[in-house]
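Enquirer: Add chain W to chain D, keeping to what the hints say.
Protein chains: 2
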Amino acid sequence: MNDVFAVIMAGGSGTRFWPLSRSVWPKQFLSLAHEQDSLLQQTVRRLAGIVDNEHILVVTSARHADATRAQLPELPPGNVLGEPTGRNTAPCIAWAAAHVSARNPKGVMVVLPADPYIADEPAYRDVLRRAIAAARSAGLVTVGVTPTRPETGYGYVEVGEPLDPGVERVVRFVEKPDLYRAQRFVTSGNFLWNSGMFFFRADAMLAELKAQLPDLHAFARGCAERLASGGDEAAFAAEQYATLTSISIDHGVMEKAKDVRVVRGAFGWYDIGSWTTAYELAIKDEHQNAVLGMVSLIDTQGCYVRGKVDKVIALIGVRDLVVVDTEDALLIMPRERAQDVKRVVEDLKAQKADKLV
Amino acid sequence: MNDVFAVIMAGGSGTRFWPLSRSVWPKQFLSLAHEQDSLLQQTVRRLAGIVDNEHILVVTSARHADATRAQLPELPPGNVLGEPTGRNTAPCIAWAAAHVSARNPKGVMVVLPADPYIADEPAYRDVLRRAIAAARSAGLVTVGVTPTRPETGYGYVEVGEPLDPGVERVVRFVEKPDLYRAQRFVTSGNFLWNSGMFFFRADAMLAELKAQLPDLHAFARGCAERLASGGDEAAFAAEQYATLTSISIDHGVMEKAKDVRVVRGAFGWYDIGSWTTAYELAIKDEHQNAVLGMVSLIDTQGCYVRGKVDKVIALIGVRDLVVVDTEDALLIMPRERAQDVKRVVEDLKAQKADKLV
Chain D
58 MNDVFAVIMA GGSGTRFWPL SRSVWPKQFL SLAHEQDSLL QQTVRRLAGI VDNEHILVVT
118 SARHADATRA QLPELPPGNV LGEPTGRNTA PCIAWAAAHV SARNPKGVMV VLPADPYIAD
178 EPAYRDVLRR AIAAARSAGL VTVGVTPTRP ETGYGYVEVG EPLDPGVERV VRFVEKPDLY
238 RAQRFVTSGN FLWNSGMFFF RADAMLAELK AQLPDLHAFA RGCAERLASG GDEAAFAAEQ
298 YATLTSISID HGVMEKAKDV RVVRGAFGWY DIGSWTTAYE LAIKDEHQNA VLGMVSLIDT
358 QGCYVRGKVD KVIALIGVRD LVVVDTEDAL LIMPRERAQD VKRVVEDLKA QKADKLV
Chain W
58 MNDVFAVIMA GGSGTRFWPL SRSVWPKQFL SLAHEQDSLL QQTVRRLAGI VDNEHILVVT
118 SARHADATRA QLPELPPGNV LGEPTGRNTA PCIAWAAAHV SARNPKGVMV VLPADPYIAD
178 EPAYRDVLRR AIAAARSAGL VTVGVTPTRP ETGYGYVEVG EPLDPGVERV VRFVEKPDLY
238 RAQRFVTSGN FLWNSGMFFF RADAMLAELK AQLPDLHAFA RGCAERLASG GDEAAFAAEQ
298 YATLTSISID HGVMEKAKDV RVVRGAFGWY DIGSWTTAYE LAIKDEHQNA VLGMVSLIDT
358 QGCYVRGKVD KVIALIGVRD LVVVDTEDAL LIMPRERAQD VKRVVEDLKA QKADKLV
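Chain order of the listed sequences is D and W. Plus 57 on top of the position in the first sequence (first one is 1) and you've got the working numbering. Plus 57 on top of the position in the second sequence (first one is 1) and you've got the working numbering.
Excised from the complex, chain D in its bound form (with noise of 0.2 Å):
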């Protein structure tokens, strides 16, 4: 395993899960169900026996690097690289890409966000090691999830001709369809989830760049460069990245290589949008609360209640609310209205209370 390197973009934001998560305090670093570890720490601990962890990148915002390294002690220091400036995902994974390359130009690159839920451990990782074999050979390679239900929120890979066992071609990317669109897809099933989650080989990342984004080869040249000679490689990545191409890996890569491949898998993977998903994967009481800290429920049902250990929250009558309470921020809400908890964040930025967003 040692050609296999993983990249975890680590760039969220995620006023969606104010007040737990702020600017300063990215989704990332939260456990949103039941589990101890932070969605970013699950991403990476659940890599065990698969890549080692000097072989574990995490590209992030240069102001959230110093909190990435502390919740992941077991990573050497410096593979947590700090992007100045969020450009999207293409020019992290060119970066990334060139850190791999400089330790092995054949490396496999195993691409994942930061932050999904994934229930089926086993499945995912056998997927993960379908997949990286798969990319060793083929260069560029994608997971796709089978739907189980016409999403409307994420982007389809439409799968084409099977190539070797486990394995087919992709024959397009599309983009989050309408709701008639997405029941065709998921009745096709030809259609599966984009993940999200890449398997490069380097050398065929790098050669993609070349053809399809040149600014962002050059510049991955350059860190590369600098590596195999010690030179200033931050401060040449610093100074340049404000100046990259902003786009997506899926728009300036995927979809207009030649040659992509599709692994299925069907892990229970779930993108964490809001505090109504955090709910769906909780743990819940007989009276379906799901409820993290000290509490007193007096006819209450329904209720997503997190809280501190040393305060209690006491709900009487109430159903269906989403309760989240911390030091200097408290939300209450139906469960229904999660999406507007950007309202907000906007209206605390009008009232000039930055410091709580």
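If you are wondering where the hints come from, they were derived from the structure by calculation, not from laboratory data. Any given hint could be a false lead.
Since the list gives no way to pick out one identical chain from another, each pair is judged satisfied if it fits inside one copy or across any two copies.
What the hints assert, rightly or not - Here are the simulated DSS-like pairs of lysine-lysine, each with C-alpha atoms no more than 27 Å apart in a straight line: (1) K315 with K368; (2) K365 with K399; (3) K409 with K399; (4) K341 with K409; (5) K313 with K409; (6) K315 with K399; (7) K267 with K368.
Expert: Frame of chain D, contents of chain W only:
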């Protein structure tokens, strides 16, 4: 006005205002509407110009005596009497009568509960003056509040023949009626709410105690003797208190006394019995929200929100909730469930979380 004394009865516990009131910090120490002063402070300060501060006594439980003195620095510390145990209102008034009698045997005692809310202070002060004058001549007087609804939560006073201008004879005291009787009381015009405000000449009260509750009279005489002789009155009271007949002044004296008079009052009198009343009395915004603290309210109506200045409470899409947030406890319930707060207190005791109640 030098024959006028006030006796503020501040023995409450206030489970119904959890989590703001606690066994260590009962209701009378709180401001439940929009005022700065606590209910106790308001009760004392409404007496300005009617009773000298040196003549205002406060009877509270011994464990609240220091906090009471701290809330009322304008009173001589010795004017706060700490009951070693709660024995209802008759022993409390007997004790206060001894203190008043030791200073002026014909002193007029204005006996007031510590925690009603008074909306029309000039009218209230006018009623006090008339009731004081009536008690100075007649001995035992009460104030009856003109009822504005068929309230079943209060006792009533039946009014008889007019005596002096604005003073009528009490026919009888009536305990909390059912709704049918309450409706008849209100339409009759002869029934007033029993406000719990009493006006006694000290000698008249001691004579009634001698006739109706001899042990309380003996206790009062023992206290008065020690106060006159410089003996250890506090030790005597502390020793005797638990043995005294535990009964209300209404049952123990007023209902049996031959000549009790009543002054009618209409001064916006509210017994703040629950968070619901606190909401009703609070100043509200255009969406009928009553707010103390920093908030962000999105699509929210009819809520009573009480937090801290250094913490934001964000509500989205809720209505008619009570939200009270303190350092170590948070309460959320529909306004109509206010009477169930005691169930939380019971639950916390069962959880052995006694420091939270």
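Enquirer: Confirm or reject each hint.
Expert: Quick rundown of the hints versus the structure:
no., hint, result
1, K315 with K368, "neither (57 Å within a copy, 54 Å between copies)"
2, K365 with K399, "both (23 Å within a copy, 22 Å between copies)"
3, K409 with K399, "within (15 Å within a copy, 39 Å between copies)"
4, K341 with K409, "between (37 Å within a copy, 23 Å between copies)"
5, K313 with K409, "neither (44 Å within a copy, 64 Å between copies)"
6, K315 with K399, "neither (39 Å within a copy, 69 Å between copies)"
7, K267 with K368, "neither (56 Å within a copy, 51 Å between copies)"
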